[in-house]
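Engineer: Chains as they are written, first to last, in numbering that gives the first Met the number 0: chain F, 0 to 526; chain S, 0 to 271; chain R, 0 to 318.
If you are wondering where the hints come from, they were derived from the structure by calculation, not from laboratory data.
Small disclaimer: the values here were computed from a predicted structure and weren't measured.
Careful: at least some of the hints might be erroneous.
Label pairs and their in silico Cβ distance ranges [said to hold, decoys possible]:
1) R:Lys228 to F:Glu236: 56 to 62 Å
2) F:Glu212 to S:Phe79: 51 to 57 Å
3) R:Glu98 to S:Pro182: 45 to 51 Å
4) S:Phe24 to F:Glu505: 57 to 63 Å
Subject to a maximum C-alpha distance of 30 Å in a straight line, what follows is the list of computed DSS-like cross-link-like pairs (lysine-lysine) [claimed, not checked]:
5) F:Lys211 to R:Lys180
6) F:Lys223 to R:Lys180
7) F:Lys359 to F:Lys451
Glycine included, C-beta positions come from ideal geometry on N, C-alpha and C.
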Amino acid sequence: MKDYLDYLKVSATMGRISRREFMGRAAAVGVTAAAASTMLADAVHAAGPQKGGIMRLGLQGGSTTDSLDPALATNQVALMAIRLWGESLTELGDDGSIQGKVAESFSASADAKTWTFKIREGITFSNGKPVTAEDVVATIERHSDDEAKSGALGLLRDITNVRADGDSVVVELNSANADLPYLLADYHLAIQPGGGKDAPDAAIGTGPYIVKEAEMGVRIVAEKNPDYWGDTGHAAEIELLVINDNTARVAALQSGQVDMIDRVPPRTAGLVERAPNVTVHKTSGPGHYVFIMHCDTAPFADNDVRMALKYGINREEMVDKILHGYGSVGNDTPINASYPLYTEFEQREYDPDKAAFHMKKSGYEGSILLRTSDNSFPGAPDAAALFQQSCAGAGINVEIKREPNDGYWSEVWNAQPFCTSYWGGRPTQDQMFTTAYLSTADWNDTRFHNEKFDQLLLAARAELDTAKRKQMYADMGMLVRNEGGLICPMFNDFLDATTDRVAGWETGVAGFALMNSYAPLRMWVAA
Amino acid sequence: MIKTIPMAAAIGLFFTALYFLMAIFAPWIAPYGMAEVVGDVWEPSSGNHLLGTDNIGRDLLTRMIYGGRTTIFIATVATFISFTTGATFGFLAAVMGGWVDQALSRFVDLIMSIPSLIFALVVLSVMPVTIPVLVLVMGFLDSTRVFRLSRAVAADINVMDFVEAAKLRGEGRIWVIFREILPNALSPLVAEMGLRFIFMVLFISTLSFLGLGIQPPAADWGGIVKENADGINYGIGAALYPAVAIATLAISVNLVADWILNRTTSLKGGRG
Amino acid sequence: MSPVVRLLAQRISLGLLLLFFVSVLIFAGTIILPGDVAQAILGQSATPEALANLRRDMGLNDPPLQRYLAWLGGVVQGDLGTSLTSGQDIASTMGSRLENTLFLAFWAALISVPLAIFLGLLAVRFRDRWPDKLISGVTLASISVPEFLIAYVVMFFLGVQFRWLNPTAVGFRPDADVLTKLDAIALPVLVLTLVILAHMMRMTRAAILNVMQSAYIETAELKGLTMFKIIWRHAFPNSIAPVVNVVMLNLAYLVVGVVVIEVVFVYPGMGQYLVDHVSKRDVPVVQACGLVFAAVYIGLNLVADIVSILTNPRLRHPK
Chain F
0 MKDYLDYLKV SATMGRISRR EFMGRAAAVG VTAAAASTML ADAVHAAGPQ KGGIMRLGLQ
60 GGSTTDSLDP ALATNQVALM AIRLWGESLT ELGDDGSIQG KVAESFSASA DAKTWTFKIR
120 EGITFSNGKP VTAEDVVATI ERHSDDEAKS GALGLLRDIT NVRADGDSVV VELNSANADL
180 PYLLADYHLA IQPGGGKDAP DAAIGTGPYI VKEAEMGVRI VAEKNPDYWG DTGHAAEIEL
240 LVINDNTARV AALQSGQVDM IDRVPPRTAG LVERAPNVTV HKTSGPGHYV FIMHCDTAPF
300 ADNDVRMALK YGINREEMVD KILHGYGSVG NDTPINASYP LYTEFEQREY DPDKAAFHMK
360 KSGYEGSILL RTSDNSFPGA PDAAALFQQS CAGAGINVEI KREPNDGYWS EVWNAQPFCT
420 SYWGGRPTQD QMFTTAYLST ADWNDTRFHN EKFDQLLLAA RAELDTAKRK QMYADMGMLV
480 RNEGGLICPM FNDFLDATTD RVAGWETGVA GFALMNSYAP LRMWVAA
Chain S
0 MIKTIPMAAA IGLFFTALYF LMAIFAPWIA PYGMAEVVGD VWEPSSGNHL LGTDNIGRDL
60 LTRMIYGGRT TIFIATVATF ISFTTGATFG FLAAVMGGWV DQALSRFVDL IMSIPSLIFA
120 LVVLSVMPVT IPVLVLVMGF LDSTRVFRLS RAVAADINVM DFVEAAKLRG EGRIWVIFRE
180 ILPNALSPLV AEMGLRFIFM VLFISTLSFL GLGIQPPAAD WGGIVKENAD GINYGIGAAL
240 YPAVAIATLA ISVNLVADWI LNRTTSLKGG RG
Chain R
0 MSPVVRLLAQ RISLGLLLLF FVSVLIFAGT IILPGDVAQA ILGQSATPEA LANLRRDMGL
60 NDPPLQRYLA WLGGVVQGDL GTSLTSGQDI ASTMGSRLEN TLFLAFWAAL ISVPLAIFLG
120 LLAVRFRDRW PDKLISGVTL ASISVPEFLI AYVVMFFLGV QFRWLNPTAV GFRPDADVLT
180 KLDAIALPVL VLTLVILAHM MRMTRAAILN VMQSAYIETA ELKGLTMFKI IWRHAFPNSI
240 APVVNVVMLN LAYLVVGVVV IEVVFVYPGM GQYLVDHVSK RDVPVVQACG LVFAAVYIGL
300 NLVADIVSIL TNPRLRHPK
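Work out the full structure, taking the sequences as your base and the hints as a guide.
Structural biologist: Next up, the structure:
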């Protein structure tokens, strides 16, 4: 029987029999549909990547106001477009480690203040010009100088000097940072000829594809770069289609109009997977849905009020009802197991008695105004309603105010003292804490000012001993958990889905959705 | 009188009355609290939850009863405002003619030609989103549509011989509007009113969708449809109940409107 | 000069004046709305320096009046300017979007307007009998269900379950041939037809019924004409004014108000384009869209008024 199945697998892989036939015949010899499906996927995978074909992706987040300039990229579609045509100096490996990309290798001085990146030899831009150290320097300059309007500006603030040295680039920092290579993997920092100073949106880079048609907010079409240096990029053509509506995206996948989608709504993910030709991929990541309080504004200035609200939230219920189980409970820090150097703390539970106790201790008796909107995270108004109910169980009166989606990120988030919000997370703990919890951070959206925390953060950057560094991050996490303004009930999983027309999905790739956005480059058209 | 009510109108009256009564007596009828989470997500209907539960486990019947209250109240008041202002100015424009007509008509053109999304965003971001403001904005925006229709109808009637005759008799404008034009313009207006009422119901849910409408945990029927729409493609009916409620309300209100239409035409001594 | 020509000249010049006021109002509106384009572009990843740099580059530090006049100067010379966010030429990007919107609106109107009038006539012909009630009931139900719900339901059944039609319009490309394009937009056209049918049909029915009371209809009936002929030849022409008004309202809706349908079916039309740019506070694009929408409204209203006059001899030859 095993031989028969092997024969079937080969036949199906070679395209001699259809998937449906394979499933039917496998069922005939007593193999369950799920097992047969896995078997077939393995067989297709084992056969190795096939070249050619068109791969279509349905993605959320694109807008007609997007630009191809990587400095201005803010959403999934813009990010994915950069992945097609561009590459940064470094990239995140599957296991969360950092590795060279346009840089062949890199090394740091002993004090982690001076970094040298050796540029990969013999690679060219899609316009045929070879990549030089000067191009890299110009790229970093464009994103970090005084004139810059780049999304990566905040990451590069510590850079004091960048220069070319033969085929290497030397980066000097103001203060030590052991994580610099992680920062330079940022997607905004795709290396462009001349740094893209002349033509920022020309979409010319070293990536495996060349953009041949771009209608912003609608579609981006790219064809394989025949001279690409690496071994990714199997499809002959990739089409990115913007499908912002959840139901439409799923319908397009189920009917085969697209081969791959991101952001399957958790509510319906289990149902989507029942379709015979669709597989839903669940990847845990650093993204978290949060309620944020300003630690310097009454009544949240009182840590007892903050603690009361932290005990007044029912985290399991949130994961069940908002994420429908596709996620994990949070513990009031922005860090979870997806980060390197993670330390687990005792889980904080819903405890109406403790919530009532802390509220009473604070002496605050008024109601708490919580602002929310549909776009702060999917299901935010519902999550707010659940929070209101669980707080009511502790005698705490929460009032909900729904704000317009339009303008939420400029008028409410980081401006009002208590609201719902979302963080996508960062590749390292240092980056996450630096972005949102350092006293001087631009996006310190909980107004967390803690001297001890700031000192620990700076010390950890220069600390090259992993064990000590891990302890420091644990201490910082504990400070945020017990004194911060962050109520983090849940970490959401990334839910992507593919049809069986494409193969090569790898589970557990570190980073963000769609195999850290490498899925279209590493998967191939199988049928 | 009762005997003359045809079957269709009786059904319409019954449902309209039922919905209005449920709206008025919501707190006494609803089995649970409006925002109370009483079960799991999207439970099927059972003895405890006649219509099942919604997307976060609240009793759907309760949500529907309270939602109907919001929906019906806002739609009724906004429709009333829209028709009184729209029809009054429409008739006035048609009867007065000249610069009054031009000024009013062009003003309405101006308001109508600004995309309502921008209009709603601007107005509601400047003013606080409370129910009275919501009703006024909706009624005002909608009255422009009523204005155009009533002006068109009235302009047609205004040149009829009997109106000329009335004017020659020396009747005042008010008399002409209310005694000559209004009765003859009533049927298209009543037909329109039934529909406008439904557009109001849908408009509230559009506003809720933009985050400008009803504040959670309160909801309107359109909002409940939206909250539960994800399930529709997988046979979860929670979104269908409020949709059916809106549809039956629409049909019954319009059945009543049709009946009124018939009665007004027969009052006129026509052939009915 | 015939009154129609005079009216036309008068209304077109008034229309231009109106467009000017619309542009002022929309500009003022976008200034009042909280947030600005620089903030919207950089979003969560912005820093104060990057914001300041972007604002300066976009000329957002100039006083509003100066920005408006600069924009107006361009428009008068036929230059709509470039988008602040994407840097693309507005006239060409918006042009292709407008073409798409008009394409969808054209097909939806082509099906729904004649169908609505035909169903309206049918309802009058069989007044108070089952065809009338059936037509009324079905169209009322279709109008009263939120349009996104109708869209999801037809998308699921016709697109995913039965695979009869494409569930979304992602296959729509402006340069494809007409059949491919129609294949891509079949579902949105269907939904739009359902959404606007009831309104026009009911108005047709009501307006004709109103006329049916007149003495001349009785005369026609006594002459022994068939019911359909009476309705079509005598009643319908005299009830055109309100019908045309409602038809124009719905045509305008097809051009201006189909955002939800565009989003759900992923159709690259004007609605989505406008919403994206409003949320990014991209003032020049919002202005340009506003002008186009206003022109459509004013144009259609003008058509409605002219048709009303042409079909009513008393209005055509005022005493």
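Engineer: Could you run down the list of hints and mark each one as holding or not?
Structural biologist: Hint-by-hint comparison with the structure:
1. Against the hinted window of 56 to 62 Å, the Cβ-Cβ separation of lysine 228 of chain R and glutamate 236 of chain F comes to about 60 Å, which satisfies the hint.
2. Against the hinted window of 51 to 57 Å, the Cβ-Cβ separation of glutamate 212 of chain F and phenylalanine 79 of chain S comes to about 53 Å, which satisfies the hint.
3. Hint check: glutamate 98 of chain R to proline 182 of chain S, Cβ distance near 47 Å, so the stated range 45 to 51 Å holds.
4. Roughly 59 Å separates the CB atoms of phenylalanine 24 of chain S and glutamate 505 of chain F, a value that falls within the hinted 57 to 63 Å.
5. Taken as a hint, the lysine 211 of chain F and lysine 180 of chain R pair is honoured in the structure, with Cα atoms around 22 Å apart against an allowance of 30 Å.
6. For the hint pairing lysine 223 of chain F with lysine 180 of chain R, the CA-to-CA distance comes to about 27 Å; that is within 30 Å, so the pair holds.
7. Using a Cα cut-off of 30 Å, the hinted pair lysine 359 of chain F and lysine 451 of chain F holds, with the two alpha carbons roughly 28 Å apart.
In this structure, none of the earlier numbered hints is contradicted; all agree with it.
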